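K.L.:
These protein sequence lines map, in sequence, to chains A and B.
Residue numbers for the first sequence follow the UniProt record's numbering, beginning at 1 and rising by one.
Residue numbers for the second sequence follow the UniProt record's numbering, beginning at 1 and rising by one.
Mixed in with the good hints there might be a few duds.
Said to hold, decoys possible - Quick list of the computed label-pair ranges, beta carbon to beta carbon:
no., chain 1, residue 1, chain 2, residue 2, range
1, A, 61, B, 169, 19 to 29 Å
2, B, 119, A, 65, 33 to 43 Å
3, A, 102, B, 119, 45 to 55 Å
4, B, 279, A, 61, 22 to 32 Å
5, A, 34, B, 273, 50 to 60 Å
6, B, 176, A, 95, 24 to 34 Å
If you are wondering where the hints come from, they were derived from the structure by calculation, not from laboratory data.
Keep in mind the model is a prediction, meaning the values are calculated, not measured.
Quick reminder that beta carbons are idealized off the backbone N, C-alpha and C, glycines included.
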Amino acid sequence: MQRTASLVTKVFIQRDYSEGTVCRFQTKFPAELDNRVERALLEQTVKTLNSCYVEAEKVGGQSYLEGCLACATAYIVFLCMETRYEKVLKKISGYIQEQNEKIYAPRGLLLTDPIERGMRVVSFIQLLLHSLRTTNTSV
Amino acid sequence: MSQIQHAVPDGPIRYTQICTRSSSCSSPQTSSSAAAAGTEPPSCPGHRGRTPRRKWQVFPGRNRFYCDGRVMMARQTGVFYLTLVLIILTSGLFFAFDCPYLASNLSPAIPAVGAVLFIFVMGMLLRASFSDPGVLPRATPDEAADLERQIDSTGCSKPPPRTREVLINGQTVKLKYCFTCKIFRPPRASHCSLCDNCVERFDHHCPWVGNCVGRRNYRFFYFFILSLSFLTIFIFAFVITHVVLTSMFDSFTALRTILEVVVCFFSVWSIVGLSGFHTYLISSNQTTNEDIKGTWSRKEGKDNYNPYSYGNVLTNCCTALCGPLPPSLIDRRGLIQADTPQTAPQSNGTGGGGSYAPTQLHSHMVGGYHPGRLQHGGGTSCQLCCFHAAKISVCTVW
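The whole structure should be built from the sequences, with the hints applied where relevant.
P.N.:
Written out as structure tokens, the structure reads:
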């Protein structure tokens, strides 16, 4: 019988406040992931996430229209429709899932959605699986 | 020792919770049962007695929740009820006794406008009182430990610094570490001692509204005080008009009129003043907290300016009032799921590689964060949820 033990450690990427209160994560590569994933891939993921959050928080024509419409209807309209921010968050969930499937899961990593951490961190969960053979059962 | 491979298992991936209490527990269970176990110690699979608890029931702050987590207020709500009584009583007296005369002798538009104002005031008040002001959830133990490690690595023998400096638009801003929430507070966030929460873009704690005023409900608060100013002035003006036109002074009319006039008079001075103050704050993109502390006031010899201001009054106003409304970060109605990593030996019946492939993920429900209407019901497939289950290291993924 093959016994396996799994150890989970977490690596966090913190928020980058250099551009104010806009949601943005640091693109600095964490040292703990040095031999787990390529630098360029991770930077690309974080940059895409950052651009999505910028899009969600963008103050422009569409957000003004949404805000004015909501105010005029005493915010009742939000019972029937999603805000733009929520739509972008859904898109981000889909993107993170896709990134996990294509890039991170094959490398034994799991990227969690920042919204589940209160937008404080992007966390990577490292699954380190060790298989300890007690018999000669071949895999 | 096997290495991480890109193996694809034959069947759907199942998650097995290992019971650490009894050696006879070996039946597989889905992670929805793991969610049902909530924050209790790991129970044997098959134990499904407890109903799943929602996150608001274990919320660490000093808040009160109603309607199964949909409504969130501060602990002390007495003054909020006073606000409600004052508004409803004064408006009620106005509509009942002054409006019939004014509608018939002046114009029916008067009660109509009054009604619209009243409904708007009540709507904004309830929205400001009942919504999440922008509470930041407390750090998980892993995050707190990671931050502690980072802080300790920078210090030497002295107590390590609990502040971080950030350059925002050329202005140095200090981020303070919150010992209660175990996070470095984002810029403009502050910890409310009454609610015991860190709130984003913290303005102030308003007892009249029974809640903190922060990033998510500031616009409702502002529209509430602005529309209340108009309503107060409206009622004040038309009550005086009614009294002047009728010149009737029986005792009941006198009492009622005095009550309305007194309430409106004091309200006008305070509410209109407050509206004016908040209009100034919005146009300069400051919070009450920053204004009171004089964070961005010009100090001698220091080039101090507000780095958050867009430099333009109109842009500041539009951003504060019509900007995008961020969703709540605390997921009050989500179901509690176990999120603590453990190490445990696992037995594997079928053998296989040491990886999991997401291509054949099994569908089930786990209570992760899903904003607003996206909340999953039981049995809805969600591949992302399956990843949450994999965080629990006792899972065998074959």
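K.L.:
The structure should be examined with respect to each hint, and the outcome stated for every one.
P.N.:
Hints versus structure:
1. For the pair residue 61 of chain A and residue 169 of chain B, the supplied restraint of 19 to 29 Å holds, since their beta-carbon distance comes to about 24 Å.
2. The hinted window of 33 to 43 Å between residue 119 of chain B and residue 65 of chain A is violated, with their beta carbons roughly 23 Å apart.
3. For the pair residue 102 of chain A and residue 119 of chain B, the supplied restraint of 45 to 55 Å holds, since their beta-carbon distance comes to about 51 Å.
4. For the hinted restraint 22 to 32 Å between residue 279 of chain B and residue 61 of chain A, the CB-CB distance of approximately 24 Å keeps it satisfied.
5. Between residue 34 of chain A and residue 273 of chain B the C-beta distance comes to about 59 Å, which sits within the given range of 50 to 60 Å.
6. For residue 176 of chain B and residue 95 of chain A, the Cβ-Cβ distance of about 33 Å falls inside the hinted range of 24 to 34 Å, so the restraint holds.
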